[in-house]
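Trainee: All chains, please: the whole structure from these sequences, using the hints.
Number of protein chains: 2
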Amino acid sequence: MFAEAEADPSLPKDEFKPLEARLRVALLNAQYRRLKQADKALLVVVAGIDGAGKGATINLLNEWMDPRHIRTLAFGPREGEELERPPLWRYWKDLPPKGSTGIVFGSWYAPLILETSRKRPDQNRVDAQAAAIRRFEAMLAAEGVQILKLWFHLSAKAQKARALRLLASPETAWQVSPVDLKVKKKYDRICAGGQIVLNHTDSGHAPWVVIPSADENMRAARTAEAVLAAMRQRGTPRIPPAFVAHGGPARIVDRLGKLDYDARIDKDDYESELGLLQGRLARAARAMRAQERSLVLVFEGQDAAGKGGAIRRVTHALDARQFDITPVSAPNSEALARPYLWRFWRRIPRHGRIAIFDRSWYGRVLVERVEKLTAPAKWRRAYAEINDFEQQLAASGALVLKFWLAITPGEQLERFREREKSPFKNFKITPEDWRNRDKWHEYAAAANEMLARTDVSHAPWHLVSANDKRYARLQVLRHIVEAMEDQL
Amino acid sequence: MFAEAEADPSLPKDEFKPLEARLRVALLNAQYRRLKQADKALLVVVAGIDGAGKGATINLLNEWMDPRHIRTLAFGPREGEELERPPLWRYWKDLPPKGSTGIVFGSWYAPLILETSRKRPDQNRVDAQAAAIRRFEAMLAAEGVQILKLWFHLSAKAQKARALRLLASPETAWQVSPVDLKVKKKYDRICAGGQIVLNHTDSGHAPWVVIPSADENMRAARTAEAVLAAMRQRGTPRIPPAFVAHGGPARIVDRLGKLDYDARIDKDDYESELGLLQGRLARAARAMRAQERSLVLVFEGQDAAGKGGAIRRVTHALDARQFDITPVSAPNSEALARPYLWRFWRRIPRHGRIAIFDRSWYGRVLVERVEKLTAPAKWRRAYAEINDFEQQLAASGALVLKFWLAITPGEQLERFREREKSPFKNFKITPEDWRNRDKWHEYAAAANEMLARTDVSHAPWHLVSANDKRYARLQVLRHIVEAMEDQL
Numbered sequence: 483m484f485a486e487a488e489a490d491p492s493l494p495k496d497e498f499k500p501l502e503a504r505l506r507v508a509l510l511n512a513q514y515r516r517l518k519q520a521d522k523a524l525l526v527v528v529a530g531i532d533g534a535g536k537g538a539t540i541n542l543l544n545e546w547m548d549p550r551h552i553r554t555l556a557f558g559p560r561e562g563e564e565l566e567r568p569p570l571w572r573y574w575k576d577l578p579p580k581g582s583t584g585i586v587f588g589s590w591y592a593p594l595i596l597e598t599s600r601k602r603p604d605q606n607r608v609d610a611q612a613a614a615i616r617r618f619e620a621m622l623a624a625e626g627v628q629i630l631k632l633w634f635h636l637s638a639k640a641q642k643a644r645a646l647r648l649l650a651s652p653e654t655a656w657q658v659s660p661v662d663l664k665v666k667k668k669y670d671r672i673c674a675g676g677q678i679v680l681n682h683t684d685s686g687h688a689p690w691v692v693i694p695s696a697d698e699n700m701r702a703a704r705t706a707e708a709v710l711a712a713m714r715q716r717g718t719p720r721i722p723p724a725f726v727a728h729g730g731p732a733r734i735v736d737r738l739g740k741l742d743y744d745a746r747i748d749k750d751d752y753e754s755e756l757g758l759l760q761g762r763l764a765r766a767a768r769a770m771r772a773q774e775r776s777l778v779l780v781f782e783g784q785d786a787a788g789k790g791g792a793i794r795r796v797t798h799a800l801d802a803r804q805f806d807i808t809p810v811s812a813p814n815s816e817a818l819a820r821p822y823l824w825r826f827w828r829r830i831p832r833h834g835r836i837a838i839f840d841r842s843w844y845g846r847v848l849v850e851r852v853e854k855l856t857a858p859a860k861w862r863r864a865y866a867e868i869n870d871f872e873q874q875l876a877a878s879g880a881l882v883l884k885f886w887l888a889i890t891p892g893e894q895l896e897r898f899r900e901r902e903k904s905p906f907k908n909f910k911i912t913p914e915d916w917r918n919r920d921k922w923h924e925y926a927a928a929a930n931e932m933l934a935r936t937d938v939s940h941a942p943w944h945l946v947s948a949n950d951k952r953y954a955r956l957q958v959l960r961h962i963v964e965a966m967e968d969q970l
Numbered sequence: 483m484f485a486e487a488e489a490d491p492s493l494p495k496d497e498f499k500p501l502e503a504r505l506r507v508a509l510l511n512a513q514y515r516r517l518k519q520a521d522k523a524l525l526v527v528v529a530g531i532d533g534a535g536k537g538a539t540i541n542l543l544n545e546w547m548d549p550r551h552i553r554t555l556a557f558g559p560r561e562g563e564e565l566e567r568p569p570l571w572r573y574w575k576d577l578p579p580k581g582s583t584g585i586v587f588g589s590w591y592a593p594l595i596l597e598t599s600r601k602r603p604d605q606n607r608v609d610a611q612a613a614a615i616r617r618f619e620a621m622l623a624a625e626g627v628q629i630l631k632l633w634f635h636l637s638a639k640a641q642k643a644r645a646l647r648l649l650a651s652p653e654t655a656w657q658v659s660p661v662d663l664k665v666k667k668k669y670d671r672i673c674a675g676g677q678i679v680l681n682h683t684d685s686g687h688a689p690w691v692v693i694p695s696a697d698e699n700m701r702a703a704r705t706a707e708a709v710l711a712a713m714r715q716r717g718t719p720r721i722p723p724a725f726v727a728h729g730g731p732a733r734i735v736d737r738l739g740k741l742d743y744d745a746r747i748d749k750d751d752y753e754s755e756l757g758l759l760q761g762r763l764a765r766a767a768r769a770m771r772a773q774e775r776s777l778v779l780v781f782e783g784q785d786a787a788g789k790g791g792a793i794r795r796v797t798h799a800l801d802a803r804q805f806d807i808t809p810v811s812a813p814n815s816e817a818l819a820r821p822y823l824w825r826f827w828r829r830i831p832r833h834g835r836i837a838i839f840d841r842s843w844y845g846r847v848l849v850e851r852v853e854k855l856t857a858p859a860k861w862r863r864a865y866a867e868i869n870d871f872e873q874q875l876a877a878s879g880a881l882v883l884k885f886w887l888a889i890t891p892g893e894q895l896e897r898f899r900e901r902e903k904s905p906f907k908n909f910k911i912t913p914e915d916w917r918n919r920d921k922w923h924e925y926a927a928a929a930n931e932m933l934a935r936t937d938v939s940h941a942p943w944h945l946v947s948a949n950d951k952r953y954a955r956l957q958v959l960r961h962i963v964e965a966m967e968d969q970l
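For the protein sequence lines, the chains are A and B, in the order given. Take the first sequence: its letters are residues 483 to 970, numbered as in the numbering used here. Take the second sequence: its letters are residues 483 to 970, numbered as in the numbering used here.
For the record, the hints were derived by calculation from the structure and aren't laboratory data. All figures in this text were calculated on a predicted structure; none of them were measured in a lab. Accuracy of the hints is not assured; some may be wrong.
Identical copies look the same in the list; a pair holds intra-copy or inter-copy alike.
Below, a list of computed lysine to aspartate or glutamate pairs in the EDC-like style, where the Cα atoms sit at most 20 Å apart [to be verified]:
1. Lys518 - Asp840
2. Lys499 - Glu753
3. Lys910 - Glu545
4. Lys951 - Glu896
5. Lys518 - Glu914
6. Lys667 - Asp532
Mentor: So, in structure tokens, the structure goes:
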């Protein structure tokens, strides 16, 4: 894979000049066409041998294209609040919108390259990290974020020669760190590591392109050609099954149908128990601050199932400074220009904090599925994508708890009528609510499949009988309190 | 102002209960009406005596209203990247959109209260901070962010009693810090400080309301009443002239008309000088990293004046990892839901970085004025608001440089025609460009007034003759390089 690059091929000036002129025009045209179509973003990931001229080449791309529509995303070691979220959080947060181009330095490959370049890489770590990257990139590619990965490469001899050349001039000496000179051993390791990385993560939808980098002209031309080819690619890439996130086979059962909807609690018992549970919750929430943990609560359920009321019984026990509630409705244009999970990644809590979602990313497999807002291939894939997302949350210290508040059609009808009559609640009922009601069984089927495919130990679903609001609220509180006391 | 509160009035339960019921309904209704109208945001600023139950009261508001549409914005001491921006940056960044409510702990009053509560407050500092706050709040109020400020107050005796009561129970002891017990001296100072703060910053458009806080019922009822009254307020507040940002009288001269449009440079001189200036720029930009400074570049000018080309000559000398370019066009819905400067505050650079604006906040007094997108009272006010904004940038370490690239109507016509002919540039020319051309004199008048009113030493305008693109690019580079070499 690196053989050509290690031969340090060069491109004579008289060949380069006319090629450069053609490439610049073509790149700029391709860039503007993409801006206009705005159906895909492009992420160019930059990696490779130190001193191969990565920075200089990216500067050149900015010079050849319109830099106003290129974002250079440079990441160093994770720091500050980045350490309180999953490692991929910072990349999700900064995803450029469709139409634009991002160039990524210090990408999600940095830890993997570090690992594979060790004297003895830990095979399990390498496999796990590579698999996580494959899932991440496959999802981005399927959701309109095209990925091109450039590996800048040259021979050890050329690397050393370039470092000495740069060092010779005060204009360029700053580009070289002293480490760049004791290269040979490090060079061999990086080559071996790079080989492993490329083997594990090269794919048609997120290809690696090796850029021979000893000669500036060759490096510039190859980079421009690779970017141009990526920009000209049309349509959604085919992602091979091995890369697509897969859920295991799930036994879909009618959990909603089997629920005991008669569960009730009387008012006095409710009041006393509510107070006790809220007290325990308050204590558990305060204890959480001291630990490097956070809490993510997801509320789903039929319209009028009582999500808002349940959330209020939870927040009542909390300090307003500790939680954030995100009410989720249809995505705005900013969200539509990115993969669907983007707007949720932005709301992931820091350590010590509580994020409450009133509806959530599960809209993908509920309303978007039933109302046919999303193609079947996409929402089918979403189960595994969501499991992956929640797994990352859990791994970074979040306790993820999900609630489906379940009511019967008769109970819903009664609540709708009550809302219509109440001058105080009639804003809560819209024609859409009545329309959704006609699709009761489709929503129930979607919910049952969701429960079967995404009820996982690191992010469990609690199916709550909610015909009796009091009963439901206590159940929700109890699940939260017990999970927190158990795990925090 | 604190006399009533220091009498520690209380509200008996039998009066409170029916009042509470009415207030809850009214608050919720008012909240939903505002959400629906979405013409104003509400910021509730929380301050007052320690141990007066601020936190508990805000929790109650969350309980009484719909917490899904309230954001609690809690700020501690400035830290991390906050320290690399103006003090108000974090408040700007988190402004809630129109329709919603934000409750602010640790607001922009924290430093002022600290200062006024000192044994000997520095009068100059107090005056300067209070004036900055008045400008900030007047601007927010005029731009659809309503502000209500609550000062929670009680007698020294009641403060101590409350602390002891809270300490007595393990359920509530965590709310009390040991400092709360050695209160008397601190109490007197805070009272005196609060008095000064309220005197300096109370206004009809951003009123302070003192909440008697010794008795929980009284505290809850008064808080709810204050919030309700604010939520019910309609229309835009009248802001007294003393609070409105004022520019001094400016002598508006025809700077655009007096420019020498024949300035030219020949190609050879251009090439050699360009290289020299870019080299100096590269050095200056690298040096900037070591200092706690940043660079903000603003580019304005007629259509086709060559802003893009000038920007590229600047970025060519920079490392792509060091700069961000923000191309500014019409605001999206997220921006329209906030004061007009909000979207620019979000793009303020950290120390060591360079932010380049291709068009900018000056759209307020250019396109928005000429195309009548903004009422005259608003764009007239904007000159002083913008001066204030840039002054804050400069004070936090930014070098702010602004360029107006000026061409003649004839030159523009030639460039438009050229663009229309070129298959490569015709995307750059739209019917709107031709329409704007018909308003040449109005745009010129707006530009001349802008130059007169906002050409300040901490953020100077450079009026650049741009009929000759090469000449203009060198001028831009020279101004940047000289300012950096001079000031950094």
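Trainee: Are the hints correct? Go through all of them and say.
Mentor: Each hint, compared with the structure:
When the C-alpha separation of Lys518 and Asp840 is checked against a cutoff of 20 Å, the pair qualifies only between copies, where the shortest distance is 19 Å, while the shortest distance within a copy is 35 Å. In this assembly of identical chains, Lys499 and Glu753 lie within 20 Å of each other by CA distance solely across copies; the values are 18 Å between and 81 Å within a copy. With identical chains, the CA atoms of Lys910 and Glu545 are at most 20 Å apart between copies only, with a shortest distance of 18 Å across copies and 53 Å within one. Taking identical chains as interchangeable, the C-alpha atoms of Lys951 and Glu896 lie at most 20 Å apart only when both belong to the same chain, with a minimum of 13 Å there against 72 Å between chains.
Only between protomers do Lys518 and Glu914 lie at most 20 Å apart by alpha-carbon distance; the minimum there is 17 Å, versus 34 Å within a single protomer. Proximity of Lys667 and Asp532 under a CA criterion of 20 Å is satisfied intra-copy only: 13 Å inside one chain copy versus 62 Å between copies.
When the structure is compared with the earlier hints, no violation turns up for any of them.
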